[in-house]
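Since chain A is already given, all that's left is putting chain B on it; use the hints.
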Amino acid sequence: AQSVSQHNHHVILSEAASLELGCNYSYGGTVNLFWYVQYPGQHLQLLLKYFSGDPLVKGIKGFEAEFIKSKFSFNLRKPSVQWSDTAEYFCAVAGGSYIPTFGRGTSLIVHP
Amino acid sequence: DTGVSQDPRHKITKRGQNVTFRCDPISEHNRLYWYRQTLGQGPEFLTYFQNEAQLEKSRLLSDRFSAERPKGSFSTLEIQRTEQGDSAMYLCASSGRQGSTDTQYFGPGTRLTVL
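Order-wise, the sequence lines are chains A and B. Throughout the first sequence, residue numbering follows this note's numbering, covering 5 to 116 in sequence. Throughout the second sequence, residue numbering follows this note's numbering, covering -18 to 96 in sequence.
Chain B on its own, in the form it takes in the complex:
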């Protein structure tokens, strides 16, 4: 399967701990997006990369959140000093071309539970 993959699928952590999630996009895609989704809501944009450059960040992305895409391939999203409000599904998506005409392909998500 050559779709978007995310790891881990589930993460349970205690408040105050740091967590890191990984996303592997479809190999030929140069755009990568991170979203957060809570129960009963649609995905909310967090940040996106074109190749290794982080081009846009939502104001939802507090300074406890950091994302990287060091070689323009996989990406990591780190949350430091987790809070219970960080509990959510974190989705990654990738797309292949610039502009809005390209379809975003979503991964299965990482479900984070902060106790």
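Bound-form chain A, shown alone:
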């Protein structure tokens, strides 16, 4: 069975600070990895995804994530956050069934 662990449940930053949200997964085979974001009052939407190839994945709005297979990690990063990045962030992993398992999410608040 696949599982996902997000280490930080609540993160508070000031604008221009750097962001790194941790995500570790558990699955024995080939995985596909996702970060989704949910802005206040909006739908869940895909931020970025990794299927194969370059382990450094770039997504929308300046976000990137790095797949480190040896650490079973897929951490999300952004060098300089903005107030508009305030949202809930979910990491997800999909193994052989292609059905993603989501982490419990990280609530990010960015102060202007």
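Because the hints were derived from the structure by calculation, they are not lab data. One thing to keep in mind: the hints can contain errors.
[What the hints assert, rightly or not] Pairs of lysine to any residue, SDA-like flavour, derived with a Cα cap of 20 Å: (1) A/LYS62 / B/ASP83; (2) B/LYS38 / A/GLN46; (3) B/LYS(-8) / A/SER101; (4) A/LYS65 / A/LYS75; (5) B/LYS38 / A/SER101; (6) B/LYS38 / B/PHE26; (7) B/LYS(-8) / A/GLY45; (8) B/LYS38 / A/GLY100; (9) A/LYS62 / A/ASP89; (10) B/LYS38 / B/GLY21.
None of the values given here were measured: they were computed from a predicted structure.
Frame of chain A; chain B shown alone:
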């Protein structure tokens, strides 16, 4: 807007009543997923359809829950004899191609409150 839509957006019901939710996926998408999300948790998979066939169901989907996608387009999720523990956000998502490489597009969800 041609995104995933869900109806109703909010539903308040009394324990023991039946409720039904509807999801309209993006029109060309053949895969449709239902998830449940409670406060402080990520979405939990319930079931998914490829066209009209229900291919997988989570053990979270008790026998009080049933989902259909009769013509491979919209889907309904029915909960019979609701319980307070059913209170949650029910999310629908759709994707267009087989396999894991396709992105799931989520709807706004239906928030269920069971009194």
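For each hint, the structure was consulted:
With a CA separation close to 17 Å, the supplied pair A/LYS62 and B/ASP83 stays within the 20 Å bound. Pair hint B/LYS38 plus A/GLN46 does not hold up; C-alpha atoms about 27 Å apart against a cutoff of 20 Å. Taking the CA atoms of B/LYS(-8) and A/SER101, the gap is near 32 Å; set against the 20 Å cutoff, the hint is violated. At roughly 26 Å between alpha-carbon atoms, A/LYS65 and A/LYS75 are farther apart than 20 Å, so this suggested pair is violated.
For the proposed pair B/LYS38 and A/SER101, the alpha carbon gap of about 12 Å is at most 20 Å, so the pair holds. The hinted pair formed by B/LYS38 and B/PHE26 meets the criterion: a straight-line CA distance of about 8 Å does not exceed 20 Å. At most 20 Å may separate the alpha-carbon atoms for a hinted pair to count; B/LYS(-8) and A/GLY45 meet this at roughly 17 Å. Note on B/LYS38 and A/GLY100: the hinted pairing holds, with a Cα-Cα distance of about 15 Å set against a maximum of 20 Å.
Annotation: proposed proximity of A/LYS62 to A/ASP89 holds, straight-line Cα distance about 16 Å (limit 20 Å). Distance check on the hinted pair: B/LYS38 and B/GLY21 sit about 23 Å apart at the alpha-carbon level, beyond 20 Å; violated.
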